[in-house]
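Residue numbers (our numbering), protein chains in the order written: chain A, 1 to 421; chain B, 1001 to 1270.
Don't take every hint at face value.
[As the list claims (entries may be wrong)] In silico BS3-like cross-links for lysine-lysine, where the CA-CA straight-line distance does not exceed 25 Å:
1. A/LYS209 to A/LYS221
2. B/LYS1142 to A/LYS283
3. B/LYS1142 to B/LYS1128
4. B/LYS1142 to A/LYS209
Honestly, the hints are just simulated from the structure, not real lab data.
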Amino acid sequence: MTKILAKMEVDRRLVGLAAVLLIIWIGFDLASGGRFITPRNIFNLSVQTASVAVMACGMVLIIVTRHIDLSVGSILGVLAMIMGVVQTDILPQFLAYNHPMTWIITLLVGIVIGALIGGIQGVAVGYLGVPAFIVTLGGLLVWRGAAWWVTQGRTVAPLDANFILLGGGINGTIGATWSWIVAAIAIAAIIYAAIKDRRRRLSFEFPVKPIWAEYTNAIIKAGLVLAAVLTLNAYYLPTRAAEKVLAQRGIPATPENLEISHGIAIPLLIVALVAIVLTIAAKRTRFGRYVFAIGGNPQAAELAGINVKRMTVAVFALMGVLCAISAAISSARLQSAGNDLGTLDELRVIAAVVIGGTSLAGGLGTIYGALIGALVMQSLQSGMALLGVDTSLQSIVIGLVLVLAVFSDKYFHRRYSDPTA
Amino acid sequence: MSDRNAGTQPLVEMRDIHISFGGVKAVDGVSIDLYPGEVVGVLGHNGAGKSTLIKVLSGAYTPESGQIIVDGREAKIENARAARDNKIETIYQNLALADNLDAAQNLFLGREIVTKAGFLDDGAMEHKAREVLHRLNPNFKKFNSPVSALSGGQRQAVAIARALLFEARILIMDEPCAALGVQETRMVGELIDQLKKDGLGILLISHDLHDVFDLSDRLHVMKNGKLVGTVRTEDVTHDDVLGMIILGKMPEHLLHLAGPGATNLSTHVS
Chain A
1 MTKILAKMEV DRRLVGLAAV LLIIWIGFDL ASGGRFITPR NIFNLSVQTA SVAVMACGMV
61 LIIVTRHIDL SVGSILGVLA MIMGVVQTDI LPQFLAYNHP MTWIITLLVG IVIGALIGGI
121 QGVAVGYLGV PAFIVTLGGL LVWRGAAWWV TQGRTVAPLD ANFILLGGGI NGTIGATWSW
181 IVAAIAIAAI IYAAIKDRRR RLSFEFPVKP IWAEYTNAII KAGLVLAAVL TLNAYYLPTR
241 AAEKVLAQRG IPATPENLEI SHGIAIPLLI VALVAIVLTI AAKRTRFGRY VFAIGGNPQA
301 AELAGINVKR MTVAVFALMG VLCAISAAIS SARLQSAGND LGTLDELRVI AAVVIGGTSL
361 AGGLGTIYGA LIGALVMQSL QSGMALLGVD TSLQSIVIGL VLVLAVFSDK YFHRRYSDPT
421 A
Chain B
1001 MSDRNAGTQP LVEMRDIHIS FGGVKAVDGV SIDLYPGEVV GVLGHNGAGK STLIKVLSGA
1061 YTPESGQIIV DGREAKIENA RAARDNKIET IYQNLALADN LDAAQNLFLG REIVTKAGFL
1121 DDGAMEHKAR EVLHRLNPNF KKFNSPVSAL SGGQRQAVAI ARALLFEARI LIMDEPCAAL
1181 GVQETRMVGE LIDQLKKDGL GILLISHDLH DVFDLSDRLH VMKNGKLVGT VRTEDVTHDD
1241 VLGMIILGKM PEHLLHLAGP GATNLSTHVS
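Chain B extracted, bound-state conformation (with noise of 0.2 Å):
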């Protein structure tokens, strides 16, 4: 889709995905794409199926049809730990951290270093979660606190790290911007570039364009459960974007990229 990737193979595809809750049809037909070092916005209102979409892809539900496809090969995600076998990591918007434990206790979580003996070895494990932390956030001193100690952007960097510590090719953040203020809202700005350099392909989840609009390079907007279109951000504006989540129209230079769902979607809004 992007001319900027032609010719690379995309770390990830989902084809053609179907998922439907008692006769409603959360997700119909919507194929996405994530490119390595690429930046990737879902975007659409609440009950636009993008959350239901992006849970297909770590593993929390599984489709009535469709493919996923990793690398090229097809992935068969049926748990989280599947997603995470084939690199996948997300960041849920609750961020999914045990309040009680400190960073390092964390980003460990389930998968723990241990001595010969088998005991924890809460050390190494501190050692290396300064390492990555570091590297996030050099700010970061807190390690002896429990997260709940830690401000919005400081958990965020955790919940990062945690995926960053187990090699994660493929980031699904799920509104990482929401309940943070506008210094750690830049803050998980930065993080997301530095990420991109390192040739991680980045999905964020949003409902607020202003959120993900200046950190992505594309972006899917949906509605209804069907895609609306795929744009580059650089081609559009706001005001275009608005329109496809709103109306679920494309605007009018970019129709010849529009998706099923656009021409469908216009007839009945209005």
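Looking at chain A on its own, in the form it has when it is part of the complex (with noise of 0.2 Å):
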């Protein structure tokens, strides 16, 4: 089993923590009796995920370079509310209200300002050489203390009808022809990609992968990004929403039309968009091979030119920009922004970040691990909820289950610590 995965080229953390998240799925569907692995329960996954598994793509980056940034609740909160106030109060002076543009600006508003937060941390790191862990641990309490300060504590409500969509709601899926079209996509680069690198490699005469292994591997890929949609697909909206749907189309309404498929809710596309755009970020491009150089050896990477002071306060910008787009989606899914908004949000995000295999000791991580170890937290947290557990006991349990990730993380990592053995 273990040759099979390495003549595969499978990150083994990657299959144990696929492992672990399948039992918690099973186990939850066992003790419910069915109600956890169902398109219903798995669409609101998959939405419950998102703002905490966007922000974990940043802090991959921010953990690889040594660093923590324990803000990122408390920006999300100042964001949110800011966000709120751009669309509600501000932009409805200038655009009608609910005007196609109304979202979109609120968004780059977010996103300018949350690089600027993000960039002051940065420089107050990297150039002033405060711990990260202070400036954040400051920033925790400043931004939090700034998100009352934007409304003097006001919940800001109703947000923009186009923003809102961001959050998934209703009618914030992309319904099942499109959701396919995403899947025909997704196959597509798969298929590309692998094609692509074996004749790079080929090219080079470098060593490749028996022609098995790669059809193997773009199999259960596909086959993922299939499953993933057929579940989607197969959740659909309740009766009466979907006779309003149709009502406003002008369509009569019949019992095989009424099953309107909810397909991929848009928080899920915007995880999707963030963690490709930033694998590429941190695989294929000077930006990311730094980022985890800087990681591995601070003092080589000084050596080898790389201006580490800078590289610094643009790793935390991105979380800054990241935590906009986190801000957007739990603001949209409320569709209210209160300033308690991502509270507690900074740990949920190391601990999917931890869970997801990268090393706080820097210079170690995949944005796919931290994904996944976002989906293990929410997937516990749901799944307790769903069994009626008390929420005492769910800090309990999900307090532990980290601590034991990053153990067995470390017992597993002495002893298959080479990686070619």
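Put the complex together from the two separate chains, hints included.
Below you can see the structure in the form of structure tokens.
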């Protein structure tokens, strides 16, 4: 088995993580009498995980460079408030109510301010030499306080009608047809990437995977995409909502056409986009290479002529941008912005990243790992909620799982430290 | 200094270098030189000033006074980048590799090959890395493992390959054989011989005479921030050099070659 995985060049840690996720899902499904692995619950999981997952992608890079960001939850809070005010109080003075540009301008404002906030913290860490733990611990208090100041504590609602689609509510999905189109594009990309990579390696006469391994890899990946889309398409709108949609389109309702699929939720699409862009940035650009080099050996990076200080600012600014995207998703999902939004999210994000195999010592971590980590965390929480476990007990379990995850990672890492073994 | 090199121009010359830290003269008027195709050891106890001297050449420290002449022209070496522009590469004792990256990624760190679209061209980098490393060590196989999985000798090969890849002409090696096993030390020795044949000038910094004696053509010996003297290895024995390192004294039969530090030191050592 180990040999087969090695031939397929699959990250062994990833397989372990996927197995853990599968066990959790099957366990909850059995315990809840088949209520966990249902299209409805999977759909909800995808939406609930989105906000933490987006931030986790950035946190991977922060932790890889041997830093930490404790302020992401608070930054999310203040950005959600700012975006709330921009779309409900400021923009309607210039644009029509629910104007199609409103959500775009709002999101851009959030992203720019997020980059600024992250950038300021990055300067304090990189140039002023204050440890990231302290800077962002300060940030946790500062930005949470700032979130209150934006409206003196008033919750902002209702949000722009287009903006709330980012949260994946009733209309915040792309439907069955578009979901299939996305799946087709994803599968085409998987095949294209595999062929291109193999050709490139062959052109340099590097060793390549056996062809059966290439096929197996591609089939598994494509299969996962298909399974996900099939599941999400199998979750139908509630009858009442479906009737409304049909009425809007002027089609009489019949028992068959009432089955309108949710399909992929917009927040899930955002997560996928962020994860793909950041994975490419991490693996295929100078920026990503330097992030990992700094994490591996900051002195070596400096000696190689990498501007470590500027990189630190860039990584923290990127984290701020992702906080803005998460803030949009979270506030859109609740259809309101309150100043306590994102409280304790920093811990969920860090836990997701660490469960996903990113080493707190730096230099090691993957974005897809963090995504699965986020899904593991959310699955535990949702599953326990489904079973009616007390919130207090939920916290205890999640806390223990976090410690166990890091322990087992350390244990297995020690045993298999040589990746070629 | 070396008559074998009479007539050729030194690759690099450091003239009358002074540098002090908080009143302590770490390097006090030291001059050394290095010719193409030559291996020169810089020896001395810990605190003799050899590492400080070399850090001036690699751009880590700026001297208070003195000149650095590369290829007959005065060079200003204010940082690591300037050193590199002058074709000076330093291989540090701790090797300055990012442990989590693989060999090719380390070789090209800071100078990556990118495609037209601006993405990293890992294929091209690995291809070149294989070429260079194969020349240094035909048995090198672990191209897709992080360098933390490599042996000390293999890591040393990666560090040297890094210098070669960017056409270094002056190679500074800080304690090249520290923490290496017998066989790996021999391997590094072979590497150095090969680079010498290619016409590079190599400075070996070490506090251990045995590491560098057999590899070097000449030795600069330092003590207390001063140059005790420069000798050709063929003219001296281990004991002669130990005397220079420990007592700061030139061997009797070579007293005419003594550096400015030799007489001063021999008076207040003893």
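Results for each hint:
no.: 1; hint: A/LYS209 to A/LYS221; in the structure: holds (16 Å)
no.: 2; hint: B/LYS1142 to A/LYS283; in the structure: holds (19 Å)
no.: 3; hint: B/LYS1142 to B/LYS1128; in the structure: holds (15 Å)
no.: 4; hint: B/LYS1142 to A/LYS209; in the structure: holds (16 Å)
In summary, the structure agrees with every hint in the numbered list given earlier.
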